[in-house]
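Peer 1: Now for the letters of each chain:
4 protein chains.
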Amino acid sequence: MLTTDPFDADTLHEECGVFGVFGHPEAAKLTALGLHALQHRGQEAAGIVAYDGEQFHSHRGLGHVARTFNDREEMRRLQGDSSIGHVRYATSGVTVMRNVQPLFVELECGGFSIAHNGNLTNALQLRRQLVRRGCLFQSTTDTEVIVHLMATARGGSVIDRMVEALRQIEGAFSLVALTDNALIGVRDALGVRPLVLGRMEGGAHVFASESCALDIIGAEMVRDVAPGELLVVDTAGVHSVRPFQPASSRFCLFEYIYFARPDSVMDGRSVYSIRQRIGRELAREAGVAADLVVPVPDSGVPAAIGYAAESGLPFELGIIRNHYVGRTFIEPSQSIRALGVKRKHNPNRSIIEGKRVVLIDDSIVRGTTSKKIVEMMRNAGAAEVHMRISSPPTAHSCFYGIDTPQEDKLLAHAMTVDEMAAYISADSLAFVSIDGLYRATGITEGRDAQVPQFCDACFTGDYPIALTDRDAFTNNGELPLWAARA
Amino acid sequence: MLTTDPFDADTLHEECGVFGVFGHPEAAKLTALGLHALQHRGQEAAGIVAYDGEQFHSHRGLGHVARTFNDREEMRRLQGDSSIGHVRYATSGVTVMRNVQPLFVELECGGFSIAHNGNLTNALQLRRQLVRRGCLFQSTTDTEVIVHLMATARGGSVIDRMVEALRQIEGAFSLVALTDNALIGVRDALGVRPLVLGRMEGGAHVFASESCALDIIGAEMVRDVAPGELLVVDTAGVHSVRPFQPASSRFCLFEYIYFARPDSVMDGRSVYSIRQRIGRELAREAGVAADLVVPVPDSGVPAAIGYAAESGLPFELGIIRNHYVGRTFIEPSQSIRALGVKRKHNPNRSIIEGKRVVLIDDSIVRGTTSKKIVEMMRNAGAAEVHMRISSPPTAHSCFYGIDTPQEDKLLAHAMTVDEMAAYISADSLAFVSIDGLYRATGITEGRDAQVPQFCDACFTGDYPIALTDRDAFTNNGELPLWAARA
Amino acid sequence: MLTTDPFDADTLHEECGVFGVFGHPEAAKLTALGLHALQHRGQEAAGIVAYDGEQFHSHRGLGHVARTFNDREEMRRLQGDSSIGHVRYATSGVTVMRNVQPLFVELECGGFSIAHNGNLTNALQLRRQLVRRGCLFQSTTDTEVIVHLMATARGGSVIDRMVEALRQIEGAFSLVALTDNALIGVRDALGVRPLVLGRMEGGAHVFASESCALDIIGAEMVRDVAPGELLVVDTAGVHSVRPFQPASSRFCLFEYIYFARPDSVMDGRSVYSIRQRIGRELAREAGVAADLVVPVPDSGVPAAIGYAAESGLPFELGIIRNHYVGRTFIEPSQSIRALGVKRKHNPNRSIIEGKRVVLIDDSIVRGTTSKKIVEMMRNAGAAEVHMRISSPPTAHSCFYGIDTPQEDKLLAHAMTVDEMAAYISADSLAFVSIDGLYRATGITEGRDAQVPQFCDACFTGDYPIALTDRDAFTNNGELPLWAARA
Amino acid sequence: MLTTDPFDADTLHEECGVFGVFGHPEAAKLTALGLHALQHRGQEAAGIVAYDGEQFHSHRGLGHVARTFNDREEMRRLQGDSSIGHVRYATSGVTVMRNVQPLFVELECGGFSIAHNGNLTNALQLRRQLVRRGCLFQSTTDTEVIVHLMATARGGSVIDRMVEALRQIEGAFSLVALTDNALIGVRDALGVRPLVLGRMEGGAHVFASESCALDIIGAEMVRDVAPGELLVVDTAGVHSVRPFQPASSRFCLFEYIYFARPDSVMDGRSVYSIRQRIGRELAREAGVAADLVVPVPDSGVPAAIGYAAESGLPFELGIIRNHYVGRTFIEPSQSIRALGVKRKHNPNRSIIEGKRVVLIDDSIVRGTTSKKIVEMMRNAGAAEVHMRISSPPTAHSCFYGIDTPQEDKLLAHAMTVDEMAAYISADSLAFVSIDGLYRATGITEGRDAQVPQFCDACFTGDYPIALTDRDAFTNNGELPLWAARA
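Protein chains in written order, with our numbering: chain A, 1 to 486; chain B, 1 to 486; chain C, 1 to 486; chain D, 1 to 486.
Misleading hints may appear alongside valid ones.
The list treats identical chains as interchangeable, and a pair is accepted whether it falls inside one copy or across any two copies.
[Said to hold, decoys possible] Lysine to aspartate or glutamate pairs mimicking DMTMM-like chemistry, simulated, CA-CA at most 25 Å apart: (1) K372 to E201; (2) K344 to D71; (3) K344 to E74; (4) K409 to E353; (5) K371 to E201; (6) K344 to E73; (7) K409 to D427; (8) K372 to E220.
I should point out that these hints are in silico values taken from the structure, not numbers from a laboratory.
Produce the complete structure using the sequences and hints provided.
Peer 2: Printed below as a string of structure tokens:
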């Protein structure tokens with residue numbers, strides 16, 4: 001989704017998770033559970049829309065799924081056999097309720113609800129055209145562009161209108177949508193964002209961003225929705241539609257590296273196993289004499305296990321994470337902050353002291369966190385700190401749905417690896433190579449063996465989808481921004 | 001405003017209050033105070049939109065003004081020199097946030113906010129046309145029809161678009177609207193609903209539904225906005241536009257009888273004085289031998305004072321009202337309910353006992369309340385209970401913005417006055433005559449002296465504005481109603 | 001009740017209301033209704049304790065009764081056939097939950113709960129002795145002294161212990177208490193504070209501070225609890241105990257003047273009728289040439305009706321009260337405050353303008369409110385403003401349970417009536433005489449006909465109960481005050 | 001602490017965490033941080049009392065530390081240089097605010113606040129005596145017994161009274177207490193529960209249940225408070241008092257096995273290292289042919305790392321934990337529950353499938369969780385499941401502050417290891433031996449080399465402290481229980 005300024009990547013682009021059920025008497029409850037399993041994809045807000053055969057019911061709220069859907073009466077209100085849901089990523093900006101998904105609109109041909117994971121790259125251009133035609137936008141999300149395109153389409157069924165709308169949008173998107181007789185799942189032509197189809201014992205069908213959300217409700221994985229595929233689930237079964245030109249898949253590598261849950265399987269590959277293999281690649285590519293391998297919790301753990309196994313060094317929990325870290329807390333005064341308060345992580349001094357440590361983390365963005373963690377290890381008595389990163393240097397912004405800072409704020413954009421090592425004060429620093437990363441996914445020849453099978457734009461700058469808005473609106477101030485905050 | 005079903009008058013038609021300020025550095029705070037003075041016009045929800053020269057800011061909430069606008073930080077956010085606000089009447093149905101006004105939209109020509117008191121009588125017809133053209137409605141209020149008409153107008157300035165929209169709508173309405181350079185106040189061609197213009201010492205201008213909202217902020221009353229007048233307040237001053245054909249004023253009589261606050265002045269007449277004169281008319285038209293005059297609190301007080309003065313009977317507080325009655329409370333079980341729990345009113349037995357009482361109330365709608373009050377007086381020992389009503393029998397529904405039941409549920413629609421007296425078990429019952437009511441407003445010749453100067457449709461069935469939706473949609477089920485509750 | 005500093009009368013002394021039921025299956029619900037009818041006696045906090053034959057259940061909360069007891073589950077928890085409740089007056093200080101009544105303690109002989117209206121005048125002395133003996137106080141209320149006296153009593157039954165405790169305390173008090181087999185009601189020896197006994201149809205008994213709380217649940221008034229009487233209600237019936245020496249009754253006059261609800265009957269006298277008769281006395285004692293009589297709403301209304309009837313002047317609502325005034329609201333900035341914002345009252349200008357007005361109010365405390373109201377009337381165009389007060393000058397503090405400022409902050413303590421008239425800028429000012437006040441209560445010979453039948457200490461300085469703490473602790477700082485706020 | 005029934009161990013015994021600071025201008029903020037680091041010791045409630053040189057300030061609330069202490073104004077109110085805090089373990093029963101610690105009382109000699117980790121074994125006996133003497137208890141915690149003993153002590157200073165009280169209580173306890181001039185830390189004679197002393201750079205002193213709470217505020221560890229030691233910290237420094245007879249230390253083994261945070265150091269031993277060594281002992285004592293070692297997250301991780309290292313088998317995250325599991329959530333209906341919803345854990349199927357798995361967990365209590373996890377592993381395709389437990393069988397209840405079920409509900413109380421293996425359907429089951437456990441703590445000769453250095457009663461039934469209440473009150477119903485819930 002995009003909001004008013006698409007270029008301030010730190011606050012405006014978001015990851016999200018989507019979920020949908022068709023054909024189960026407790027569709028909304030299953031959706032709440034599914035969203036709970038997808039909570040790591042978005043903690044800012046959550047919403048569910050359910051359809052009971054006559055009416056659509058909606059409940060949305062800020063914060064975690066468990067907070068918004070903990071009320072028995074609210075859940076009872078979300079009646080119906082079909083339902084979709086959405087979780088939204090935490091951004092630093094203000095979150096307004098009207099941007100919380102799923103969207104619901106009343107089209108001439110019936111009610112329609114939609115939830116979106118990804119980011120459209122020509123949303124501003126389309127929005128401008130729609131406003132000129134008299135469309136009134138109620139949110140600042142790019143998702144709303146889709147429903148206005150549908151409302152003003154040449155007519156026909158909801159599916160016809162949706163196909164007409166999808167052909168006009170550009171970008172990366174996995175959508176779930178709900179009509180008064182069908183559940184719809186769509187993946188963009190390159191399949192950048194994930195979406196899977198599952199099936200429950202009684203015959204209900206399920207869409208989810210990740211397979212771990214099928215697991216939580218005991219659904220069986222059927223398959224990934226194919227890139228460029230629109231699947232319609234209705235009482236007659238599952239139908240596949242292909243609104244787009246055929247294209248090679250370009251699935252997001254960062255899902256494997258960091259974003260997805262380790263127990264998810266994406267495009268047939270275990271996320272956990274890929275992470276572990278990246279760790280092994282790292283050990284081979286950038287081994288170093290050391291005493292132990294320590295993951296930065298929790299995302300560095302699988303790669304650290306792989307690194308330890310490959311290098312023969314012991315794997316140790318050298319950093320303990322406090323699981324009770326929440327969003328709100330007393331703001332420590334400057335004098336307390338100066339004590340080096342470590343609310344989230346604590347070094348396990350008895351393990352670290354006097355040791356040469358290989359620290360494994362998944363990425364370096366601005367570098368501030370890495371700098372602090374290296375310093376923390378040294379204060380805990382580490383003799384040497386060698387940082388190993390389970391992704392190549394992140395040198396470019398993502399415009400396809402992952403929240404990254406502007407390019408010039410990415411440490412890897414401005415510095416060489418040596419400069420970065422000096423900046424974070426590590427004794428050594430190494431990233432897995434792009435070919436090593438491809439090998440870890442099973443493509444043994446590396447990236448350039450043939451057309452790359454993944455979107456790796458954040459590492460390579462090779463953007464597989466046109467960045468229409470970025471190229472059109474070079475001036476941030478050009479767009480009219482009257483938006484009232486609600 | 002209207003919602004999905006215009007014919008279930010018990011829940012769907014609403015009274016409201018509007019307020020607007022232009023040219024004061026604390027516009028939103030003044031608006032909150034103004035809405036507070038208009039709280040009797042709507043307790044269900046309240047909202048304010050302010051414009052700070054660059055951005056519109058909005059805050060809306062369910063419940064009382066003091067509850068929604070008690071947060072210092074929220075108020076600080078509502079920056080700007082101009083602001084509009086709205087209070088909404090309590091209906092028995094669920095209130096959804098998306099129906100809470102003011103509405104705010106982003107038109108191609110800029111941001112626009114609007115608040116509405118009244119009811120459009122062709123909103124469903126217009127809405128259907130707009131949906132066919134691809135407009136997406138975000139609320140179920142008739143007010144939103146106006147902004148879609150503006151968004152899809154042939155263009156031009158906000159004022160041009162607004163005039164184009166106003167010429168298409170039918171019904172009773174007083175509107176305040178805010179653009180990025182002006183505050184607008186409009187009254188429908190017949191001036192059914194009230195709207196006044198005020199002025200503050202520093203030069204700021206104010207619109208309000210009633211003059212009591214000028215008093216609370218120390219503003220001076222300039223004049224009533226004229227029927228059919230659109231007033232634009234901007235930095236150049238106040239400009240009058242006349243979008244409609246000239247027509248005779250038909251101001252709502254019920255504002256005088258019950259709705260307005262007694263300290264308001266409407267069309268040059270003191271509401272309190274009219275109510276007192278109605279009491280005098282009643283005493284002349286329907287005097288009765290009795291010991292004391294007792295108002296049904298609080299709305300019957302001025303008429304009771306007038307009745308007592310004219311009849312020479314003593315005025316007494318024979319019924320005490322509990323001022324702490326709120327909306328939420330423990331629901332008494334049936335066994336407790338049977339005790340005749342009187343949470344709202346208590347008879348002042350020591351005054352009532354053994355006395356012949358003239359009870360003064362403002363109207364009889366379904367008759368259930370009157371029945372209970374008469375019974376309460378008898379239980380408190382009243383020797384006789386004579387009910388006198390300060391309005392003619394309410395025999396017809398209102399379609400112009402006052403919440404009345406369907407016609408067939410109005411006691412006066414089905415019964416003669418004698419039957420009603422028997423139904424409520426009063427020793428006698430009398431209503432002021434329609435001519436007596438007109439005389440109390442100062443029209444000494446009564447109603448038919450010339451074209452009636454007021455809308456008295458609820459008493460006479462003489463509807464001065466076409467009821468397009470009612471006549472078109474005779475079948476309640478005809479309209480598509482997918483509305484998700486939010 | 002008293003808190004840490006008994007001498008800052010503005011914040012520490014409180015009026016309260018108490019209620020109790022014995023023998024009804026929905027005792028707690030009836031108590032909630034009774035407290036609701038007594039809400040005017042205390043808006044700060046409310047609490048209920050119920051006994052179900054095995055366990056005591058308690059629920060207490062800050063704010064209005066309807067707010068604390070609106071939760072169905074909480075009410076369901078308050079099981080049992082007997083129950084007591086308490087409302088507490090709003091003070092300017094912080095209210096802490098641990099001071100909210102009823103208190104509940106576990107004595108050796110069983111559970112015991114108590115609620116208190118009034119103020120003990122030797123509580124600090126007793127508290128000091130008890131602390132020395134090792135008692136741990138959990139609140140800062142004087143009520144807790146009673147339960148510690150009971151806990152450390154020489155033993156015996158709960159009633160024996162209570163009588164032993166009551167004989168040690170001094171002050172004004174009406175108490176209701178609950179044990180595992182009885183409901184108890186007590187009034188101090190002089191009967192300063194009110195307490196009535198009622199009876200429901202099924203045989204349940206009820207105690208309440210005022211008769212209006214019997215009315216709301218349909219209970220019949222039996223009689224006032226006599227001064228110095230302790231009534232025990234148990235399954236065997238109602239038993240009267242007399243723990244104190246016989247003494248003449250000294251009921252609080254301010255209950256009649258202002259505090260009680262007008263529909264209550266106290267000591268056989270209608271509060272409403274007394275207020276009206278005070279108005280008549282005022283008209284006789286201090287009549288003045290004028291055009292109309294205007295009450296300061298709402299407490300001035302009955303006296304104004306009496307004054308108008310006696311003087312022949314018309315009674316008019318010249319000041320309109322906004323019934324939606326709540327506690328919390330946006331704090332107007334200084335610039336807005338300067339506009340003379342009148343959130344609570346608005347003059348009814350059309351009635352006032354050019355008229356000589358007699359304003360009727362119940363009392364003058366510090367004089368600031370009276371000053372503002374006179375000014376408001378002048379700004380609304382009143383030709384003359386004559387203030388008439390339905391009580392004698394309040395020149396002394398109350399130590400028996402009514403919240404009054406320290407003596408030196410009372411306007412009447414420092415000024416003559418003429419000086420007060422000048423201070424509030426009234427054209428004339430008069431108070432009802434002390435004899436006129438006694439006459440209005442039915443004692444036709446006035447105060448000094450015999451021993452005064454009322455406590456009138458706030459007018460006369462004649463304190464009928466010893467002020468032990470005031471005389472002992474002349475130095476505010478003397479008491480140890482470690483109290484943690486909770 | 002104990003509540004009304006000491007024998008229903010599932011709900012009544014609790015673990016807790018305590019913290020205290022003396023001599024830092026932001027004592028309460030440091031305490032909030034310290035409690036945050038101790039959150040794993042109690043999630044039910046948290047409280048802080050601070051002393052500002054004149055007054056004690058208290059704030060307590062249900063739920064997590066971050067929730068109760070997230071309000072800037074509340075924190076500002078907790079002024080002062082010294083402060084103590086408490087976190088309380090989640091029990092299944094209702095938690096009432098009045099049981100939330102620290103307790104605060106006003107003794108004759110001044111204010112006194114106390115927080116307690118542990119459980120008194122003669123609290124009921126003492127409470128009964130105190131109630132007979134007229135003491136009123138305000139909570140149902142055993143901690144309150146201590147303050148009543150102090151209040152009714154023969155007098156003298158706070159320390160004298162505290163020593164007199166401590167000599168009367170039996171049980172396991174680590175206390176922190178605050179007076180108007182000192183911070184106090186106490187450990188029972190056997191040192192069953194932990195307590196450490198730390199020091200900050202500016203000279204402030206700190207007590208904490210675990211060293212990880214020193215780390216979070218950058219305090220340096222000074223030493224463990226010795227068993228039977230009372231440490232007084234005041235402006236003169238740190239003074240040691242020895243109220244009890246010398247005794248051998250019997251520190252709780254379960255702190256090492258499960259309760260403490262792995263980064264804490266207790267009695268000079270790293271918790272993490274002990275857990276890892278237990279894993280190694282397990283591998284040696286109960287090795288089994290398998291393909292991988294999987295920890296039950298998160299507590300099984302260190303032992304699993306040790307087991308893997310010793311056995312040479314790969315360590316793998318075969319179970320993924322959802323970190324967003326909160327307390328409140330929609331209650332799944334029975335039909336959904338039947339789907340085998342796994343909100344907390346998900347098997348990492350791609351790792352597990354077809355493999356022989358060694359599962360490492362810390363303990364088996366009732367066995368229900370183990371049974372489910374084994375089943376989950378089988379459903380995920382595990383070929384064999386071998387359960388290894390990093391503690392000996394828990395066959396006896398704890399009465400010293402850890403929440404365990406009644407003995408007859410402990411799986412190990414009724415079954416042999418083989419029966420347990422069958423019950424949980426594991427292919428094999430083994431526990432570390434008691435000697436192996438002692439060896440892991442560094443006592444190479446095992447338990448019986450000399451007097452055991454630890455409390456291992458839950459494994460051996462050898463209770464080092466008298467169980468007075470248990471032995472005295474064999475009948476649950478004997479105690480009077482009038483307690484009102486508040």
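Peer 1: To test your reading of the hints: which numbers does this structure violate?
Peer 2: Per hint list: single violation, 4.
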